[in-house]
Every structure is written in structure tokens, then in C-alpha cells.
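Taking the hints into account, I'd like the entire structure generated from these sequences.
As a plain string of letters, each chain reads:
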Amino acid sequence: MPDSKLDLLQGTLDLMVLQTLAAMGTQHGYGIARRIEQVSGNEVLLNQGTIYASLVRLQQRGWIEGEWGTSDNNRKAKFYSITRRGRKQLAEDAAYWQRLSAVMGRVLAMEPEGGER
Amino acid sequence: MKDRIRQSWNRVRASFLRGALDQELDAEMASHLDMAIEDNLRRGMTPEEARRQALAHFGGVQQARERQREARGLPFLDVLGQDLRFTFRTLRRDLAFTIVAVLILALGIGANVAVFSVVNAILLRPLPFPQPDRLVRIVEKTGGTNESGKTYTADATQDFQQQNRSFQSVSGYFAFTGPDNFKLIGNGQPLPATGILVAENFFQTLAVEPALGRLFRPEEFVKHAQPVVLLSYPYWKRQFHSDRSIVGRTVNYNNTSVTVIGVLPDTFDFGSVFSPGARIDLFAPYIMDDFRNDGNDLALVGRLKPGVTLAAAQREADEIFPRLLFEHTHPEFKPEYTARLTVLKDYVSGKLRRSLIILWCAVGLILLIVCVNLSSLLLVRAAARSKEFAMRSALGAGRVRLVRQLLTETLVLSGAGALLGFGLAYALTSWLAHQGSIALPLLSTARVDGTVLVWTLLVAVVAAILFGLAPGLRIAGGNLQEILKDTGHGASEGRKHDRLRSALVITEVALACVLLVGAGLLLRSFLKVLDVDLGFEPSRAAAISVDVDSGGNAAKQAAMWQNVVSRVSALPGVEAAGISDNLPMSRNRGWGIAAKGEAQRPDSPHIGVFVYIISPGYLKAMGMRLVRGRDVTWDDLANNRNVVIINQAVARQLWPGRDPVGRMANTGGADARVIGVIEDVRQSGAEDSTGTQEYLPATKQFGPEGVNLVIRSKLPPSALAMTVMRVLRQINPGQPATEFKPIQALVDHATSPRRFLTLLVSIFATLGLTLAALGIYGVIAYTVTRRTQEIGIRMALGASRGRVQRSVLLRTMRLVAIGLVMGSAVSFGVSRAIASLLFGTQPNDAVTYAGMAVLLLGVALLAGYLPARRASRIDPIIALRTN
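In order, the protein sequences belong to chains A and B. Residue numbering for the first sequence follows our numbering, starting at 44 and increasing by one per position. Residue numbering for the second sequence follows our numbering, starting at 389 and increasing by one per position.
By construction, these hints were calculated from the structure, which means they are not laboratory data. Treat each hint with caution, since some may be false.
[Claimed, not checked] Simulated restraints, written as ranges between beta carbons of each label pair:
1) B:E454 x A:R149: 38 to 44 Å
2) A:R127 x B:D654: 29 to 35 Å
3) B:L807 x A:R127: 46 to 52 Å
4) A:R127 x B:I853: 48 to 54 Å
5) A:W111 x B:T434: 30 to 36 Å
6) B:L857 x A:R127: 53 to 59 Å
7) B:L846 x A:R127: 46 to 52 Å
Built from N, CA and C at the ideal position, the CB exists for glycine as well.
In C-alpha cells, the structure reads:
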């Protein structure tokens, strides 16, 4: 099984979900998925269904909480909200990602220097 | 970190909440889709388009579900669940195979676990006392089988207690207690009980704490002390219905008021440690002053001081014991004591070590045979299923996955076998633990405990690996695609696998061969033991303990004995009756006897003899044979004549080449005339040497122990019990309600360890033989099935039925012959290891080997005959057409 690739994707999605919940407050699965699509400018081709694996994982780690409730248009849905520990985790992960992407940016911005060695 | 642990915990929890979590997820996803559709409709799509778009965005409901399950649960467990479900399905489909396999495994594992629980109880587990390795048994170095030679006098014991520096405490017990020596006198009939006298600090030495009440106090070991008893736990439960208020109350034993001071704990079983097979009901103080002049009667146990080694204690004992006195009042008696110190545990079970290890090896062999058998069964199955495996492989199952599946199957089989076997072992062990008739120490403590459970698991896993290995490797190593292409009838396909299967059959035969030789040798030894001339006839004789308390009056005692014997002898059906204070192969006691000096001949030195106090008629009732002289008579008793009957061994030693009858001897501190000589009697067991014995008429009162009335009759003891008991009650209304014990039971008790070993090894050998036969049958039958076509061709080409049958049988016999040769070679080595357990049988006993070979060949012939017959019945036309 191509575990490593999946892990990276999972990690990314998990972080997106955490950030979305931190920004939007309580939200249901569909709402989170829509929000991520909108924010990413539909650049991320997200299979909305995959969000549920992410949600259950975050929930089991105690970073988010889920509760059944009723939506604005009177539909039953499970609403998620970020926990205190989730916020802490988000802060750590976000810092990590920013550092990583900064480094990645610098590395990728490297100009070819010409000549071997 | 904490979050990871939380997650793992939640994952485990989730895998048990599958149903509920799946439902919740479904509801969540349904609501998700509904919201998406609603949004799409709002954007102006048609209902179908809205739904299609929503589903497309969602991206596969089933995949999302699978992913979420994987994320939340334990994928490993799910695979295991799949494997298990599949295993159960395949095993159920092949029910006959499953049942046979599980049964075979259950027998193998059950036998192993049962034997282990016995070995564990007797050899491995420490004695049930605190710091048992500090407990030491002190025994004469040249004790032999004579109990008096293993014991010490009260004076010697006290001197040693005072002089030694190695022991924290030394204590002992009265070694010559017979069963039913106490009678509990209550409202109804007196009830017999068995009590043992223990010296001061006996329980403190063993570090046994009472369950109720207290232990004996020093002042209770003084002459004329207020009599007290401690009860054993089972006796307290049985006789006093676990009444806690019994402590402190007085009870009437032997017409004396005795205070019950406590109850010993359930874990303390005196019999199982010190006197295998004996049931001890109560304990009373051994008051030294009462036994000063009674000779050696204390069996000694000591607890070493911390830090003192056994060797150091032995050195000290070697110094002290030779200078100990027999009696302080008679410093001229020279007992020449010695002492060998043995750790109590080794003393109790050391002699059994070899037998038990043999037994352990025998069940180990059984397990091996079981594994070989199952391995060959599974190989046959694997061959039949090779197409299935190839198909699954072609459909995308990895090799690891296939082997894993196969492994699950073997583990499930061995697990089921272990479960059933554990049940068998449990039943067998609790049955064995309650066999009072088997004189093995600590056997009563055998039980299925945690250690045994761990052992079962170990055995099951090892078995699964052993029998699953060959088929597993076959699958892992074989080229599955080739198999799929192959029709399975190619002649070349078989060769390699045939060789593997043949090797398994040969192994099985060789293993069975070793078991059979071992069992054969033990069985022949056992038969030899049964055949030994005991010097008396146990059949048709029975003994009952009789209470003839004459209050120490010799004349009155003689009269009472005569009354009992003559009235019982007169009963219809009774051939002979007589009384003795002691029976052969039960407790024993030794005195000295010497030939009195005659003209120019000084007194001979004393030699040790077993002493039996008898009445007229006893020798006849026991079936002992007088070779010279006469039996004692009532006249001898009435007139207090000092006469003695000796056995041939004594005659040979004291009066070599001369007729001892009429000569004078000195024994028991008095002179006595020899009036008769009897044939030697095996006094302590059929396997022990006969030793020296003397028989004195009952002219003295001997101890508080009861005496035995022995009756020889054609009628079964139960038919006589009523009338005999009525006679005894008429003579002594206080006669307790004792039961007849066949003399044969004494002999059986003495031979029971050997019978136990022989019986178990024989059962295992039979099991091994059956399994080997099954294995041979299985392999040959499979070969015949696979070669149906080939046989058909041969027959079409003119091979006769007889020839086909012969060729199959020949193949069988060839395998068995190889196994037999290998097995015999191994047996030859193994039998040397059990040589010390044999009796009158050589380890390379030709009869045993020949018998084993004939038996194995016969069984193999039978196992091979069935498939051979089937082979010869093959119709060439049908065989050739079915391809």
C-alpha cells in the first residue's frame, strides 16, 4: 500500500479541517468540505467523502468534538467544533507548515548557477 | 503522546462498536448528500442533475465508508476477522476433516496437559510450605525399607535437638500409625478416624498456621497433660460439618475426653507429603515420656537455619549422630546411628523423577505423532486445495496473505484442539487427584492452574507451528500459476511431495515404535511384578480393624482374641481367621533378633527384623506357608510362652545349614524358642527384597494401635461384613464401624506407582499406534486415489488384481519397515534410559521388540490393506474415462 503518500495527504487535509473549524466555529461535514473548496478557489480537487476519515481521526485524537444537531434549514447533521487541545495542535502544525513552505519556496526559487560542481 | 494513546484506545473501542458507528456514518453522509443536493437545486439544477453532481463531488460513498473505517478502527483486526470467517467456512465445509483433526489434537494436547499437571504437582511445584527448600528430612543412611531403620528414639531425637547448631528446629512424627487408630465416640456407633502423633514444634517447623484455633503448646507435650487434638481440614468438614464452634470443645476419642484446639488449613495435606495415599484426620501430641522405651519410632524433619547449607548440616549430623544414645537409661545399647539429610522435596518426589520424566517424554512423543499425522492430513488437503489457492492468487491475493490464511486455519484447529484437550485434561486431572489408591506423593495436589494453562497455550502454539509448517512452506514455495495450469495428474507432480509424505509416515512409525517398546518393557515388568511370589495369598483374604482394648491385661487380651477368632472362624463360609497387629505392605516396625549361644558358640549379633504380633490362624488366613515346625497355638498365648516363628531369611542368617526349630533366640529383650519357619514374605512391596521377619504370639499389649482381623473366605467380604460385625459388636459393643479391606488392596497400593506409570504409558502407546495406523492409511489411500489413472492403465495392460494389491501393500510395508528399523534403533538407546524402572526385564528384551514389530506390522498391514483393496477394485475403463 502506498502509505507515505496517503499520510501526507491525510495530514494536509487534517490541518485544513482544523483551520476551517477554528475560523468558522461549529460546522458540519458538508459545510467544512464546501468551505475548503471555496477557500482553495476550487484548486483542490477534494473528494468530499474523504473528509469523514479525517473527521473521525481528529475526533479520536480529541482535537475536535462532534454533536448531532439541526441546521439552519432544519436538517439533522453532525456538527463539529475544535477543542482547546485542537487549537494548540493547529498552532503547532500551522507553524510547521509555514516553515516548511517557506523553505520549500526558497529551495524551489534556487537559480541554476551554471557549470558542474 | 497522550493523544496517540487516546487514539489507539478509541480505535480499539471503535472496532467493537462497528454497527453503531457505521450507522452514524451513514446518517452523516446521507445528510451531507441531502444538503449538497439542496444547494445544487437552489443553483437551479434539475433534480437528477443536482443528485448526480452531489454524488460526483462526494466521490464514491463506499470508498469514503471504507476509508473512514480504516481510519477509526484496527485494519489488522478486520483482516483477522475475515481470515477467521473464511477459516470457519472452509472447516465447516470439510466437517469430517475438521472433526478428526480436532479430536486428534485434543487427545494429544489433553494427554500432554494432564501429564504436565501431574508433573507440575509432584516435581516442579515447591512443597506447600513457606521456604520449602530449607526443610530437610533426616533418615538413617542404611534405612532400607524398614521404617524402624529410618526413625530414631525419643532420647536420640531430644539429644540431637539440643546438640545441633544447624537447624532452626527439628521435629518429627510417630512413624508407625495404622489407619483407623482412633475412634470417635458420640451418640451412635463409634466412628473410626486416623490420627497421627507429632512431636513438639512439628507444625512450627513446617511453618503451617492453623486455619482455626491454635497449634500445640509446650505444656501439652508433658506426661499426663490434658489431651488435645488438631483436626485436618477435610475431616473437620466431613465429620463436624465445618462447625467453627468445635474449637475449644471436648470430644470423646478412645473413651478419653479430648479438647479440639484447632483446625489445620485446607492446604496442609500430611498424607500427600509424608505418606502417599494415606488420609490423616487428626493430630495429637507425641509425648516423649510415653515412648522412652519403645525404640525407634520418630521420623524426623528439620528446618535449616538461614545461611546454613545442606552440606554443612550433613557434616554436623555425621559428627553428632554416631554418639547419640538409644536410651539414656541404657547407655550400653549401641544404636550406631547415622543420618542422611535430604531436602524434603527431593525425599518426597526424588524417586519419582525418572518415572515422571519418562511419562513426560511419552506424551511428548504422542504430541509429535499427532503433529506428524495432522501435517500429513493437511498436506493431502493442501494438495486437494492447491487449485483453490492458485485461483485466489490469480484473483490478487498475495502470497503472504495466503500463508497468513493457512496459518489462521492451523491456529484455529490447534486452538479448538487445545480447548477440548484442556477440558479432557481438567477432567483427568481432577479424577487423578482423587485417586487415594495411587500411592504417589503430592498427587492429590494436582490441579489445573495458571501454570498448566500457560503450558496448554505453549503446547497448542508449538503444535500448530509443527503441523502447519510443512503445508505452509508448500504453499509459500510452490509455483501457484503452474498448479493452475497443471491438471494435477502429471506423474512428475507427485514425486517430491510423495517423498515428504513418505518421510512423515516413516517418522510416525518410528515414533510409535519407540512408544511401543517403552510400553512393552514396562508392561512386561509389571506382569513380572504381579507374578512375584509374595509369600502370602492376597486373593480371597480381607482384613478388618478390630478394637479389642483389654486395658493392658495380657491374659484378658489373649482371651478376647481367642473369643473373636474362634467365633469368626465358626461363621459359615470362613476358611480361616486370625489376628495380627500389622499387615504386610502396610506400616512396619523392626526389632533385632539373635541366635542364643549354644555349646562353644557365643550369641550371634542381633540382626534387624520386621516384627508381627499374631494369633493362631493368622498365617493360614494370610496364606503364608510354614515350611518347618508349627503355628502358634492358643496355649502359647494363654501360658505366655516365649516362642517365635521366623522366616527363611532369618533361619539362613542365624542358623546356616541347621534346623532352627527348637533353638533359642533373643528378641525384643527376651529369649524365645523358635517353633516354626515360614517362607519369605514380601513385606514392603512386590518389588522389594523379602528381608527378615519374625512372628510372635500376642502375649503383650502393643501400643494404642488397633489390630487387624484377617479372614480367608470364598465369599466376598461384603457378604461377610454384616455377620462378622455382629460378632465383633457382641464381644465389644465399642467396636467402631470399620470396613473390610481386601488384602489385595494392600498389594495394589504398593504396586500402584508402577501400575500408574505402566497404564499411562500403555495408553499413550495405544494412542500412538492408532494415530500411526491412521497416518499410514491416510497417505496410502491418498496415493491410491491420485494414482487411480495409472493403476487403471496398468490393469488395462494386463496387471492382475492381486498384483496391484501386492504393489500397494509392498509400498506400505516398505515405509513401515524403514520406520521400524529407525524406531528400533532409537528405542535401543531410549530403553537404556528406563532400565532402572524395569523389573526382571532387560532393556533389550527380545520378546518386547519382536512383539512390537509384529504388532506394528500387523496394524500397518491392516491400514494398508483397505486402500490396496480399493486399488485392486479399480475398473480400468472407468478410471481411464474419468480424466
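Status of each hint after checking the structure:
Range check, E454 (chain B) to R149 (chain A): Cβ separation about 39 Å, and the 38 to 44 Å hint holds. As the Cβ distance of R127 (chain A) to D654 (chain B) is approximately 57 Å, the hint placing it in 29 to 35 Å is violated. Taking the beta carbon of each, L807 (chain B) and R127 (chain A) are about 49 Å apart, inside 46 to 52 Å as hinted. The given range of 48 to 54 Å is respected by R127 (chain A) and I853 (chain B), whose C-beta atoms sit roughly 50 Å from each other.
Under the hint 30 to 36 Å, the C-beta atoms of W111 (chain A) and T434 (chain B), about 31 Å apart, fit the expected range. For L857 (chain B) and R127 (chain A), the Cβ-Cβ distance of about 54 Å falls inside the hinted range of 53 to 59 Å, so the restraint holds. Between L846 (chain B) and R127 (chain A), the C-beta spacing of about 49 Å keeps the proposed range 46 to 52 Å intact.
Checked against the numbered hints above, the structure violates only hint 2.
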